[in-house]
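First to last, the protein sequences are chains E and W. Straight run, no breaks: the first sequence in numbering that gives the first Met the number 0 ends on number 452. Straight run, no breaks: the second sequence in numbering that gives the first Met the number 0 ends on number 284.
It should be emphasised that the hints constitute simulated quantities derived from the structure, not laboratory data. It is possible that some hints are incorrect.
[To be verified] In silico DSSO-like pairs for lysine-lysine, Cα to Cα no more than 30 angstroms straight-line: (1) E/Lys104 x W/Lys206; (2) W/Lys213 x E/Lys107; (3) E/Lys156 x W/Lys15; (4) W/Lys162 x E/Lys115; (5) W/Lys11 x E/Lys418; (6) E/Lys418 x W/Lys187; (7) W/Lys206 x E/Lys107; (8) W/Lys206 x E/Lys296; (9) E/Lys107 x W/Lys15; (10) W/Lys11 x E/Lys115; (11) W/Lys213 x E/Lys296; (12) E/Lys150 x W/Lys187; (13) E/Lys156 x W/Lys11; (14) W/Lys209 x E/Lys104; (15) E/Lys230 x W/Lys187; (16) W/Lys15 x E/Lys420; (17) E/Lys420 x W/Lys11; (18) E/Lys230 x W/Lys11.
The structure presented is a predicted model; accordingly, all values stated were derived computationally and were not measured.
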Amino acid sequence: MHQVSSNITFIFTGLLVAMILSLAFEEKLHAKKSVIVGLFAVITLLCAAIFGLVHPETVQILGHPITLPVYIPGIDWEVIAIILGSSLFVDVTSKCGLFTWIAIKLTKASGGDPLKLLIFYGVMTVVFSAVLNNVTAMIIVGTLSGVSLAKLRLTNKLLGFLLIEGLLTNVGGMLTLISSVPNIIVGNTAGITFVTFFIKASPYVAVATAVTIWMGARLFNIQRLQNDAAKAEAATLVAGFDENDGIESAGFFRFGTAMTGLFIVAMATVSITPYIKELGMGYVALAFAAIMLTRYKATADRFYQAIDWDLLAFFGGLFIVINMMEHALVLNLIGDGLTPIIDLGETLGTGVLLVAAAVASSVTDNIPLAAMLAKILGGMNLPSDSPFWWAVIFGANLGGNLTPIGSASTLVAVTIIHKNKLPMSFVTFVKAALPFAVVQLALAAAFVLIFLR
Amino acid sequence: MTNLDQFESVFKSADKAVFTYERAAFNRILLVSDMDTTAAEGIAERVRAFLSTIEQATTDWSILTGKDFDSIQSLLERIEEHKPDLIVTYRHLHSAAWQWPHSLGEYLDVMTQATSVPVLVLPHPDANYALPHTVSETSRVMAITDHLTGDSQLVNIALAFTKSEGSCWLTHVESQIVFDRYLESISKVPALDTEIARETLHDQLLKEPKDFIKACRVVIEQEDVAVQIEEFVTMGEPVEQYGKLIDDHKIDLLVLHTKDEDQLAMHGAAYALAVELRAIPLLML
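Isolated chain E, as found in the complex (with noise of 0.2 angstroms):
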């Protein structure tokens, strides 16, 4: 290890601390994601620069040395080649009417029943959440109870119905590998495969879903309808929506389906498949994103317009800061800080851990979170089953669930719920999602210790 006098890691501390406030503040500076981060980039790296502590790289590719500036060995391509190549997909992908047809199928299914649509949609946002990404799986259903609770006259129950549905996001966010971007910076870093992600995480998800949907309609009131008349009814009414309304053509339906199931298939064998596995996830996600976009080939840029560049800034900048971070020794810093929990030993560290990587992610982003604690937890060289590696992620997707602004879903959540013009404030949200938090938090730390210790 590099030698970093201890007055270059505290200013190094306090300029982290201070983007980790700007985030949480984000709103109050009127301020994106991206530009925040990427102001801290430049800083730290201007002062990385000043002190010493950063020299061009030399990389060898094909055995040749390139030197490159130290800020772009230091973003992790990957992540970001698997976020920008799922999110195209999954754009072109829901212009095949996939998953409105979903939707809008199971909307009839229920009859129009309030307890047998919060059952169907709880699921639909845990398995889109999973498939898709929370954000996507909260607008999709999210808009779609606002407009089937509306036509059901029942915008009374509208709040729990948004409410749960954006604490299943952060649920379903856990089912696989790539649902959530902690999921894919941990899992990546501990070096988890798909499969086992999946195997390890699946009995957390079912468990948590089911309990959160009983809660949920137990705290909110939503019944099953009592009499024969009002079922009639609310089935009449249901049956007047289209699910076929949305799909372009036949052709594109039936590609766009198959092309969703092999994106999973193709997702979840990557670390097996000859070639492919040299390539890695994000080589996967960008050449899905390719093939669906001929779909769309005279119209692409529409595609490249509507990506969250936003988004994508925010992690480039996001890991130089991280980067200059481990050079100026501040992750060590932290990792100390770290190493009393992790000595609590497996079963009281892993719960601690969980715990205060749940709080944290409570009140700023989870991403700089699982991005720094992956990074810790991997200099201490810990197995990939590890339980530390499920605190971490199990803490980073449930903190979101304790504030609105834990996670980007639960924000789109209470988004369309004031698009609704329904009143929720910071301190009402905290106080209806406590519950369904602590109760997913209890659950969360005692699978982690049972099963995955």
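With chain E held as given, fit chain W onto it using these hints.
The following block gives chain W in isolation, referenced to the frame of chain E:
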């Protein structure tokens, strides 16, 4: 990447208006005329033949002649006494203004707005501008409105007046002038792509009535109603387009909404249609 509005639009578009079939019944029919008893009875006889489709054995026919009312107030009082399900009349009662095609006449104007009863307006008996085939049968009935989607009542009434094995035209003409005016504004907004707006808005405006007509067809077939459903959905100038349809297909009766919950005056383009389409009977709801 995917945004809220995008999916909200998809789901709102998928939420189709449902057509509910219900057989409309007209048990009490009141003919309002400004003529003497003999002439009014002559008109009544012709109207009964014309409306044979809706007439039942128990249908109660009444006639108001020119002597029965001399003001709008007294006419409204007579209507209130009779409590009809359908009023049959013509433009320009107690007036010679029928010679100028610029208005409905004060009686009809108030009658259509002050009562909730459908009013069947015949071509004026003294005028000779009625098309030769009119007021004889209702084999070809046309329902027109500036917003067809979800209007089960309009379709049910049009079906009730259509003779068995006849044709019921469900039509919608989206105003080209209004559409162009909005697009003119959109073309001045840098944030909106004018060509995308033109294409998507045009398609969506016509898709909604088409979807509703499709829903109507399904239910009408299920209910085994012996009426052929015809569709006409387009963008253009409503009075011109409807006039052309009437001529081309020899339409016997037009059915349209005239009331607007938000205003006292006649609904949307209904006034222009009611004034200008004088050659065939109009059923004003």
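Results for each hint:
1. E/Lys104 x W/Lys206: holds (21 angstroms)
2. W/Lys213 x E/Lys107: holds (19 angstroms)
3. E/Lys156 x W/Lys15: holds (22 angstroms)
4. W/Lys162 x E/Lys115: It is violated: about 45 angstroms lies between the C-alpha atoms, which goes past 30 angstroms.
5. W/Lys11 x E/Lys418: At roughly 15 angstroms apart (the allowed maximum being 30 angstroms), E/Lys418 and W/Lys11 satisfy the hint.
6. E/Lys418 x W/Lys187: holds (27 angstroms)
7. W/Lys206 x E/Lys107: With a Cα-Cα distance of about 22 angstroms, the restraint between W/Lys206 and E/Lys107 holds, given a limit of 30 angstroms.
8. W/Lys206 x E/Lys296: Holds: W/Lys206 and E/Lys296 sit about 26 angstroms apart, inside 30 angstroms.
9. E/Lys107 x W/Lys15: Holds, at about 13 angstroms.
10. W/Lys11 x E/Lys115: holds (21 angstroms)
11. W/Lys213 x E/Lys296: violated (33 angstroms)
12. E/Lys150 x W/Lys187: Given that 30 angstroms is the threshold and the Cα spacing comes to 35 angstroms, the pair is violated.
13. E/Lys156 x W/Lys11: Holds, because 19 angstroms separates the two Cα atoms, which is no more than 30 angstroms.
14. W/Lys209 x E/Lys104: The hint holds at about 22 angstroms.
15. E/Lys230 x W/Lys187: The given pair, whose Cα atoms are some 49 angstroms apart, is violated under the 30 angstroms limit.
16. W/Lys15 x E/Lys420: holds (24 angstroms)
17. E/Lys420 x W/Lys11: Measuring from Cα to Cα gives roughly 18 angstroms; hence the hint holds.
18. E/Lys230 x W/Lys11: The given pair, whose Cα atoms are some 22 angstroms apart, holds under the 30 angstroms limit.
When held up to the earlier numbered hints, the structure conflicts with 4, 11, 12, 15 and fits the remainder.
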